[in-house]
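Okay, so the sequence shown: first residue is 1479 according to this note's numbering, each after it adds one.
Each hint should be verified, as a subset may be incorrect.
[What the hints assert, rightly or not] Computed list of lysine to any residue pairs in SDA-like fashion (alpha-carbon distance at most 20 Å, straight line):
1) Lys-1562 with Gly-1526
2) Lys-1562 with Asp-1488
3) Lys-1562 with Asp-1583
4) Lys-1613 with Asp-1582
5) Lys-1580 with Pro-1502
6) Lys-1613 with Gly-1526
7) Lys-1562 with Gly-1543
8) Lys-1613 with Ala-1589
9) Lys-1562 with Gly-1503
10) Lys-1580 with Gly-1503
11) Lys-1580 with Trp-1602
12) Lys-1562 with Asp-1534
13) Lys-1613 with Gly-1555
14) Lys-1613 with Ala-1631
15) Lys-1580 with Gly-1555
16) Lys-1613 with Trp-1629
17) Lys-1580 with Asp-1605
18) Lys-1580 with Asp-1501
19) Lys-1562 with Asp-1501
20) Lys-1580 with Gly-1543
21) Lys-1562 with Leu-1604
22) Lys-1580 with Gly-1526
[As the list claims (entries may be wrong)] Here are the simulated distance ranges between beta carbons:
23) Glu-1588 with Gly-1486: 26 to 36 Å
24) Asp-1494 with Ala-1622: 14 to 24 Å
25) Ser-1586 with Ala-1616: 12 to 22 Å
26) Thr-1587 with Gly-1486: 16 to 26 Å
27) Gly-1538 with Glu-1588: 22 to 32 Å
28) Phe-1552 with Asp-1621: 28 to 38 Å
29) Arg-1537 with Ala-1500: 34 to 44 Å
30) Ala-1596 with Ala-1512: 31 to 41 Å
31) Pro-1514 with Glu-1553: 20 to 30 Å
32) Asp-1494 with Thr-1587: 36 to 46 Å
33) Arg-1483 with Gly-1555: 15 to 25 Å
Don't read these hints as lab results, they were simulated from the structure.
This structure is a prediction, so every number in the text was calculated from the model and none was measured.
Just so you know, even glycine gets a beta-carbon here, dropped at the ideal spot from N, CA and C.
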Amino acid sequence: SRALRAEGIDIAFVQDNASLSADPGTLRGLHYQAPPHAQTKLVSCAQGGILDVVVDVRRGSPTFGQNFGVELSFENGLQLLVPKGCLHGFLTRVENTVVTYKVDDFYSTEADGAVHWASCGIDWGLDNTPVLSEKDEAAPALDAFDSPFVWEAA
1479 SRALRAEGID
1489 IAFVQDNASL
1499 SADPGTLRGL
1509 HYQAPPHAQT
1519 KLVSCAQGGI
1529 LDVVVDVRRG
1539 SPTFGQNFGV
1549 ELSFENGLQL
1559 LVPKGCLHGF
1569 LTRVENTVVT
1579 YKVDDFYSTE
1589 ADGAVHWASC
1599 GIDWGLDNTP
1609 VLSEKDEAAP
1619 ALDAFDSPFV
1629 WEAA
């Protein structure tokens, strides 16, 4: 939190979450929480390793539809800050991977949503079909997604 504030980022996190994926090649995402429960997330990997990905879906954003990914692991100690208005997902690299994340708003079932993982042009580096939840497998494609997020210039 101090390191974020030193960079001019002041976020009050209200909830800590953890996700355990037993199998390598487990893909979770691409998820979002719609307004008024949109969330900023700070993601890290407490055990194992992941490719962590964000996709900008803020209407009017100069980077709308673009994605960014980074390898997170306990060993490299990196974290990824996912802003409101971005989809988030990850692919586990090894078995028994634990992903932890802090959020600045509480989870809301009504605000929960997903966009299909294969519809955003992300290079997941997959050799096989990933392990998916029913929710993630059935998610709509990005081109069918009516984003509730709007970009606001600083």
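We went through each hint and held it up to the structure:
For the proposed pair Lys-1562 and Gly-1526, the alpha carbon gap of about 26 Å is over 20 Å, so the pair is violated. Only pairs whose Cα atoms come within 20 Å are accepted, and Lys-1562 paired with Asp-1488 is accepted, the gap being roughly 14 Å. Distance hint between Lys-1562 and Asp-1583 is fulfilled; the C-alpha atoms sit about 10 Å from each other, no more than 20 Å. A distance of roughly 23 Å separates the Cα atoms of Lys-1613 and Asp-1582; the hinted pair therefore is violated under the 20 Å criterion.
Distance hint between Lys-1580 and Pro-1502 is unfulfilled; the C-alpha atoms sit about 23 Å from each other, more than 20 Å. Restraint check: the Cα-Cα separation between Lys-1613 and Gly-1526 comes to about 24 Å, which exceeds 20 Å; the hinted pair is violated. Of the pairs offered as hints, the one joining Lys-1562 and Gly-1543 holds, with about 14 Å between alpha carbons and a cut-off of 20 Å not exceeded. Among the hinted pairs, Lys-1613 with Ala-1589 is consistent with the structure: their alpha-carbon atoms are about 14 Å apart, no more than 20 Å.
Between Lys-1562 and Gly-1503 the CA atoms are separated by roughly 26 Å; this puts the pair beyond 20 Å, and the hint is violated. Pair hint Lys-1580 plus Gly-1503 does not hold up; C-alpha atoms about 23 Å apart against a cutoff of 20 Å. Our distance criterion of 20 Å between C-alpha atoms is broken by Lys-1580 and Trp-1602, whose separation comes to about 24 Å. For the given pair, Lys-1562 sits about 9 Å from Asp-1534 by alpha-carbon distance, which is consistent with the 20 Å threshold.
For a cut-off of 20 Å, the pair hint linking Lys-1613 to Gly-1555 is broken: about 30 Å separates their Cα positions. Between Lys-1613 and Ala-1631 the alpha-carbon distance is near 33 Å, which puts this suggested pair outside the 20 Å criterion. Restraint check: the Cα-Cα separation between Lys-1580 and Gly-1555 comes to about 15 Å, which is no more than 20 Å; the hinted pair holds. Pair hint Lys-1613 plus Trp-1629 does not hold up; C-alpha atoms about 27 Å apart against a cutoff of 20 Å.
Straight-line distance between C-alpha atoms of Lys-1580 and Asp-1605 comes to about 31 Å, which puts the hinted pair past the 20 Å bound. The straight-line distance between the Cα atoms of Lys-1580 and Asp-1501 is roughly 23 Å, outside the 20 Å bound, and the hint therefore fails. At most 20 Å may separate the alpha-carbon atoms for a hinted pair to count; Lys-1562 and Asp-1501 exceed this at roughly 29 Å. Between the alpha carbons of Lys-1580 and Gly-1543 the distance comes to roughly 24 Å, so the proposed pair goes past 20 Å and is violated.
Among the hinted pairs, Lys-1562 with Leu-1604 is inconsistent with the structure: their alpha-carbon atoms are about 27 Å apart, more than 20 Å. About 18 Å separates the Cα atoms of Lys-1580 and Gly-1526, which keeps this hinted pair within 20 Å; it holds. Roughly 32 Å separates the CB atoms of Glu-1588 and Gly-1486, a value that falls within the hinted 26 to 36 Å. Range check, Asp-1494 to Ala-1622: Cβ separation about 33 Å, and the 14 to 24 Å hint is violated.
Remark: the range hint 12 to 22 Å for Ser-1586 to Ala-1616 is upheld by a beta-carbon distance near 20 Å. Range check, Thr-1587 to Gly-1486: about 33 Å between beta-carbon atoms, so the 16 to 26 Å window is missed. For Gly-1538 and Glu-1588, the hinted distance range of 22 to 32 Å is satisfied, since their beta carbons lie about 25 Å from each other. For Phe-1552 paired with Asp-1621, a C-beta distance near 36 Å keeps the hint of 28 to 38 Å intact.
Distance hint for Arg-1537 and Ala-1500: a CB-CB separation of about 37 Å, consistent with the stated range 34 to 44 Å. For the pair Ala-1596 and Ala-1512, the beta carbons lie near 22 Å from each other, so the given range of 31 to 41 Å is not met. Our hint of 20 to 30 Å for Pro-1514 and Glu-1553 is violated, since their Cβ atoms are close to 38 Å apart. Our hint of 36 to 46 Å for Asp-1494 and Thr-1587 is violated, since their Cβ atoms are close to 19 Å apart.
Checked against the hint of 15 to 25 Å, the C-beta distance between Arg-1483 and Gly-1555 comes to roughly 19 Å, which is consistent with it.
Violated hints, in rising order: 1, 4, 5, 6, 9, 10, 11, 13, 14, 16, 17, 18, 19, 20, 21, 24, 26, 30, 31 and 32; the structure is consistent with all others.
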